[in-house]
Amino acid sequence: MKNRIIDLFERKGGDVLNVYFTAGHPELDDTASIISALDSQGVDLVEIGMPYSDPMADGETIQNSSQKALTNGMTLALLMKQITTLRKSSNIPIIIMGYYNQMIQYGEERFLQEASEAGVDGLIIPDLPMDVYADQYKDLFEKYNVTMSFLITPETSDDRIRKADKLSNGFLYVVSKSSITGSSSTISDRQKAYFNHINSLDLKTPRLIGFGIHDKTTYDTACEYAQGAIIGSAFIRALEGKGGLKEKIDKFIGGVRR
Amino acid sequence: MTYQVDDRGYYGEFGGAFIPEMLHANVENLKKRYVDIIYEADFQKEFDNLLKDYVGRPTPLYLAKRLSAAYGGKIYLKREDLNHTGAHKINNTIGQILLAQRLGKRRIIAETGAGQHGVATATVCALMGVECIVYMGQVDIGRQAPNVARMRMLGAEVRPAMSGSRTLKDATNEAIRDWINNPENTHYIIGSVVGPHPYPDMVARFQSVISEEMKWQLKEKEGREHPDYVVACVGGGSNAAGAFYHYLDDERVKLVSVEAAGLGVDSGESAATSVLGTIGIIHGSRTLLMQTEDGQIIEPYSISAGLDYPGIGPQHAYLIESGRAQVYSATDKEALTAAMELSRIEGIIPALETSHALAILDKMKLKEEDIVIVNLSGRGDKDLATYIDHLDELT
Chain W
3 MKNRIIDLFE RKGGDVLNVY FTAGHPELDD TASIISALDS QGVDLVEIGM
53 PYSDPMADGE TIQNSSQKAL TNGMTLALLM KQITTLRKSS NIPIIIMGYY
103 NQMIQYGEER FLQEASEAGV DGLIIPDLPM DVYADQYKDL FEKYNVTMSF
153 LITPETSDDR IRKADKLSNG FLYVVSKSSI TGSSSTISDR QKAYFNHINS
203 LDLKTPRLIG FGIHDKTTYD TACEYAQGAI IGSAFIRALE GKGGLKEKID
253 KFIGGVRR
Chain P
511 MTYQVDDRGY YGEFGGAFIP EMLHANVENL KKRYVDIIYE ADFQKEFDNL
561 LKDYVGRPTP LYLAKRLSAA YGGKIYLKRE DLNHTGAHKI NNTIGQILLA
611 QRLGKRRIIA ETGAGQHGVA TATVCALMGV ECIVYMGQVD IGRQAPNVAR
661 MRMLGAEVRP AMSGSRTLKD ATNEAIRDWI NNPENTHYII GSVVGPHPYP
711 DMVARFQSVI SEEMKWQLKE KEGREHPDYV VACVGGGSNA AGAFYHYLDD
761 ERVKLVSVEA AGLGVDSGES AATSVLGTIG IIHGSRTLLM QTEDGQIIEP
811 YSISAGLDYP GIGPQHAYLI ESGRAQVYSA TDKEALTAAM ELSRIEGIIP
861 ALETSHALAI LDKMKLKEED IVIVNLSGRG DKDLATYIDH LDELT
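Chains as they are written, first to last, in this note's numbering: chain W, 3 to 260; chain P, 511 to 905.
Don't read these hints as lab results, they were simulated from the structure.
Careful, some of the hints might be misleading.
Stated by the list, open to error - Only part of the chain W face toward chain P is listed, based on derived beta-carbon distances under 8 Å:
(1) N74
(2) T77
(3) T158
In this text, all values refer to a predicted model and were calculated from it rather than measured experimentally.
In this text, a Cβ means the ideal position worked out from N, Cα and C, and glycines have one as well.
Chain P on its own, in the form it takes in the complex (with noise of 0.2 Å):
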């Protein structure tokens, strides 16, 4: 059994590419070439030597000691929030700027949640001369605003986003949109494992650098490659994706995904898509997604910017279809709870998605001997304002 796409663009029933054909001389280009241009030597060198000097890779494989001596078990953090911008997303914006030069596209575009994706994207367009232009949601330019600061230094226009519910998904219509009318000069940077396929894949393909580090990592600390479980949370999915890629196969390593139940997942008020979620159509993909009896897709809501997507990745939807991943949910005030924890006996501030993935360790009821890397894929720094806001009821 395999995990990966295969060659239709589907994980078993999930995935596929359902595009207007407005988008589909882009999209079909970008499938026949992206595995060749992403495998050519001299893109693989460009890559990793950016990977390295640029974001600062690899990510430090950490022990953290107090964490398993309170949970059992020995607990690893791969440490994503050390990448430069503070997060994973900085893996796949580096791979599909390189994708988009030989591709020849001189403008970029982007849709951003929280505007950890925008500021990646940003960061990339800025580092290579580019025009890039980022799809926001109103409501979200509003309560973050030093990611749009950020993304302004960096050069890159800010778009609000007006339609719908002015979140993330509107940001996502509307770079579709601008996309249907800028096909000649322009690339779409997908910020996670969604859309139509190739993205799903190729998005996975540059995360999939976590899990290559965890294996050597891993083997230099224990002598073995495998740890028995991989923790990640997941909104639309990236940095799952890319910890599990390399352990998809090996059946010894258990996957484990946490969505954001928000205020609970039957309180109406929740982002936990694959509990919540029918099979459907969001952006290109045949997925989970909420959504009403007539298909109309629901806002989902989280407390954290970066999991509030209405559907997840083709690939995730299909690992939990399959029993392969095991999925937990988070609410706000477990991920609270668990980033304050996490500040106070790591001394590392979490970002609020990862923290979801850090609120289930107590649920595992983890055994000494398991071997557990939770991807730490952000920290805390943007999530500020809201940690402030909880401080006192939580210290």
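Bound conformation, chain W alone (with noise of 0.2 Å):
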């Protein structure tokens, strides 16, 4: 079968909208009901994050979601069972993001395996170095037809861009500016510079914005520099909000898509 995230970008060169959450989050079994409502509101990929007790390349709020949703019981076994079921009814592309220990100790092959039979189509793990990726895990994504996207941020050269962008499919993660923090601020001219730079670089992978991507306004202007944007702090805020998961998601969907 055709891997999904490949296949989207076939399908679509921009506005492509990638909505994170943590599984676990805000209860146990909402996995399924929020994936529902994102592909019912047209998102186009779902980014799950698998709640780590260390996640330092989080900000603060996607750290408390992690926490609370360990404090629900989440586990990597049953996100997996989650998965397999949810996709008997959706064929949206599903990336799961995690942090390198937690694969190590699933038993890397097993991991891969797992997920790529759960239906999962990408893997995003930020403390997995590039060289270590390359030397001992990238035979093994391929061998399960799962995608690997590598970060890059203000702060990379332009050699470890290529480097990236070699070794990522799927899409590379534009980390947007210096700061985890998801902070409610609009896109300023550095940034701007910063992906007209990248852009020039004509790179073969297809890229998303992430941090600090939290409204339409933002939205749009990360839409103007890359094939799409990624939500995560600001959907995670909405989902902790009052009222039905349903409505809240309709609402902050229907928000940045207007």
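Please dock the two separately framed chains into a single complex, following the hints provided.
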């Protein structure tokens, strides 16, 4: 079967909306309902965070949601089951984002095999270095038809951007700024210059811009400079508000894609 | 066989730098430059002068006669407790503040558990007139009030880490997050031989002054540079790394690491990482750590706030796995008893961390001719509240 993420970017060259949420948050069994609501709102791609005790690449909102999810009893085995079940009714491309230690403890090949069988299309492991991936895991990812997206930041050199481009398939994760706090400012001229620079490098992999994308304005701006964008913390905060899950999701996504 | 870091940043299978891309530029810059900077003549001169005139080095190597009589052998204490700020921690912070200046960084962040590293960092920042932010778990802030006050008096801002268990590992996460958010002007002074390469090696080099002095001091006293044993407590492992450093390749010297068993290794309330830990990634380093089957990091327990770290420096993991270092553990109770004993028979009140190292002398079954150096890593002033709580039952 063709990888759903690869297929998505072949069909769609812009306005790709990727929404992140933490598995097991707000409630343990919300994964399927959240994905179903995102799918019906026309979200292109979902990124499910595997909650981790020490998520050093994430800001406070995601860390808190992860803690809550762990307290709720979320585990990797349960997440695999939830994805297997929801796959019967949804064909939306799914990425899981987690930390290298989680993959090691689960067993790297077992992790990739079960994720693939459950219907996961891609992974983001922010603390897995490119060299280690190239030496030890690239072949396994290909064997199980799972894509890998590396991160690039305003501090990343052109050489490393090219390396990330070469090693990534699916999309490149463009971290919009040197900050992970999910702050609510608009996109600055300095950030736009950085996006323009990336666009001038003639990269092969589509790009999604993440970090600080939280509403229609920032989403639309990001889409001017890349194939699409990723919304994380702002969506999690929306889920934490009052009201029914589906209503909250419809309202938030409707606001972004008005 | 070498026990030092290889050119990939590993000790055997341990070490490396498993960090998100947001930290890559800073860690890479440090990796490229730290060795050259440290061995520049003017760095060395400034480092040596500060260690001598400000920190008070060399620290004495003291033959503890009554302690030796109690346990056999000749037991020397390397008096790191006599350093300015009361522990070995300042050897590293002096080195790193000089390094930060040469990297052009004007803002310093650090993590701290018991507050010793935080105080040592705040001290060198005051000395150099540099902004200092120390992350400390909210729980630790509550139980280490005197050190929080010290840091504030020294001009540092103490920021509570409110996430997770609100202790050392969470303070470390917060410091890392700060560094990600402030990549241009900030240097992160890690307090132990943990974290991504090059930190474990860099911190070990700054602490290696401990064993450098041991060698010439023992030569003066015993006519030989090498003892039969070097004993040190290990949380992250910086005092042990410094005490072992110049003896690593001398197989005549047995290296002894002592972990905190807490209420007992199998009690569920312990910090004996080498026994309870499995291989994984913590704070950017591949090492032994305490974790669940799902790879979630477990909060360890010890009466000593300086030893309750869920991981262990990657070099220590390698020394233990390769058999180069022997590991013992000591419980809270054994450490408290050892602290009372050293106070009574040698007139030295040791830190709770150090007391764990002293607590295993009995288990070592020393022979008369054995020469032992125990690294007396810190003094016990900061632990008085704990000692007072147990004074009646132990005296």
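Structure-based check of all given hints:
1. N74: Result: violated, 13 Å to nearest chain P Cβ.
2. T77: With a closest approach of 5 Å, the T77(W) hint holds.
3. T158: holds, 6 Å
Checked against the numbered hints given earlier, the structure breaks only hint 1 and satisfies all the rest.
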